[in-house]
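So the sequence lines, in the order shown, correspond to chains A and B.
Quick note: to get this note's numbering, add 588 to the position in the first sequence (first position is 1).
Quick note: to get this note's numbering, add 10 to the position in the second sequence (first position is 1).
Straight-line distance between alpha carbons at most 30 Å, and here's what the computed DSBU-like set of lysine-lysine pairs gives: (1) A:K672 - B:K130; (2) A:K626 - A:K596; (3) A:K596 - B:K13; (4) B:K13 - A:K626; (5) A:K672 - A:K778; (6) B:K21 - A:K596; (7) A:K672 - A:K841; (8) A:K756 - A:K849; (9) A:K778 - A:K849; (10) A:K841 - A:K778.
Since the hints were made in silico from the structure, they are not lab data.
Just so you know, these numbers come straight off a predicted model, no measurement behind them.
Chain residues, written in single-letter form:
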Amino acid sequence: MYDFELLKPATIDEAAAMLAEGDAQALGGGQTLIPTMKARLAQMDRLVALSGIDAIRGVCTDDDGRICIGGGTSHATVAREYAKSYPALASLAGRIGDPAVRSRGTIGGSLANNDPSACYPAAALASNATIVTNTRDIGADDFFQGMFTTALEEGEIITEVRFPVPEKAAYEKFIQPASRFPLVAVFVAKFADGVRVAVTGASSDGVFRWSEAEQALSDDWSADVVAGLAAPGAEGMISDLHGDGAYRAHLVKVMTARAVKGAV
Amino acid sequence: MGKVTMTVNGKSRTAEAEGRTLLVEWLREGLRLTGTHVGCDTSQCGACVVHVDGAPVKACTVLAQELDGAEVRTIEGMADADGSLGTIQQAFQDYHGLQCGFCTPGMVMSAASLLEENPKPSEAEVRHYLEGNICRCTGYHNIVKAVMAASGQEVAPVAAE
Ligand SMILES: Cc1cc2nc3c(=O)[nH]c(=O)nc-3n(C[C@H](O)[C@H](O)[C@H](O)COP(=O)(O)OP(=O)(O)OC[C@H]3O[C@@H](n4cnc5c(N)ncnc54)[C@H](O)[C@@H]3O)c2cc1C
Ligand code: FES
Ligand code: FES
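Just need the whole structure built from these sequences, with the hints factored in.
See the structure below:
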């Protein structure tokens, strides 16, 4: 890893000012960025550690009943705090990587990175979450813009993520055991005004909503209705040594049906 | 370069660190605490797991300067006060939970975190919790037995799923 200067701001404003100057990048839990820097796929003059900013850590509930998770909150904290109030989200957080990854990795880092196989983007998109930054609020439908691409501007910091809590939801992860990321995973969320289905690990455009399943499930909330749908098209799906596009497309359907069956 | 101070196994320790110095380098090269191993250096294997402020972390995937002031526990801090093996370490010996021993420091630290969170885990919970610790030798069964024994529970003769 090339050397850099590590900066440790205590407030969001300080961090934003440091990120605005020269060649600087934010460090969340480092569980993606540090391996990337070791592989020399990323380098910078200054790394701005967000871990000392208390204001972006921790969880609460807002006046609309949405759960609000600070951008610097670890996966382990989300797994622990939401076991009762949003079990599908807690279960997702509790299955990311392994315990040591969950101690350090943060929701803000996961969303900002938008790995096409990451877990949190599926939860944010299916729950219609709002991603709050130091400058604005971004709806999940606008936030994710393709593999490793988001609406974030250079130096913009995710300070909070607000999740409306669905009536029922589940996250079904078909694990790729070597990486512990999903091969394909599906988050379904049933709200009073309709169902949202978000898929990760499958498309080379990153997380996406499977609209045919959303319509069918909004009319009839049952795993059987998913069985009657055609799987999404295999073109545009990730094809690699772990599974080809057609296999991933098939898994989308299977994981969606399982998620509906298991939703709480 | 800057000086970084942490409480390591109960003692205040100081050593130099660059921006890029990893916790594991700071421990091994700065403090000569070489019990913490580097298996992969790519955040996959768990040989480098130590506790930071009570939580398990991969010491190869955290920067030393970020942890100035932190409380760290390594495998060197797992023995009993008189220097004899701690409960988990003794169980690894009794149940042949190690062969070459390379993964063992990380295994023991992860197992200790598990038993702090969940003092009487089921066998499935042990396997799930140790997912991030890779062992090339044992085939895991004896590690699982050792952790079950360390938790004071009965050890099944043949480990199941
Ligand atoms: C062995 C292993 C297994 C894993 N398994 C999974 C898995 O199953 N599912 C999964 O989803 N992930 C998995 N991950 C990735 C893990 O969840 C990471 O924690 C996460 O992707 C990145 O979060 P971070 O806080 O570590 O961010 P970092 O690595 O610090 O940063 C990642 C990127 O986000 C930026 N960033 C960080 N925080 C913010 C912020 N608050 N605002 C704006 N930008 C920010 C950084 O500049 C960087 O570009 C795994 C990682 C490892 C090492
Ligand atoms: S050396 Fe840290 S995870 Fe392998
Ligand atoms: S005992 Fe050799 S790697 Fe585990």
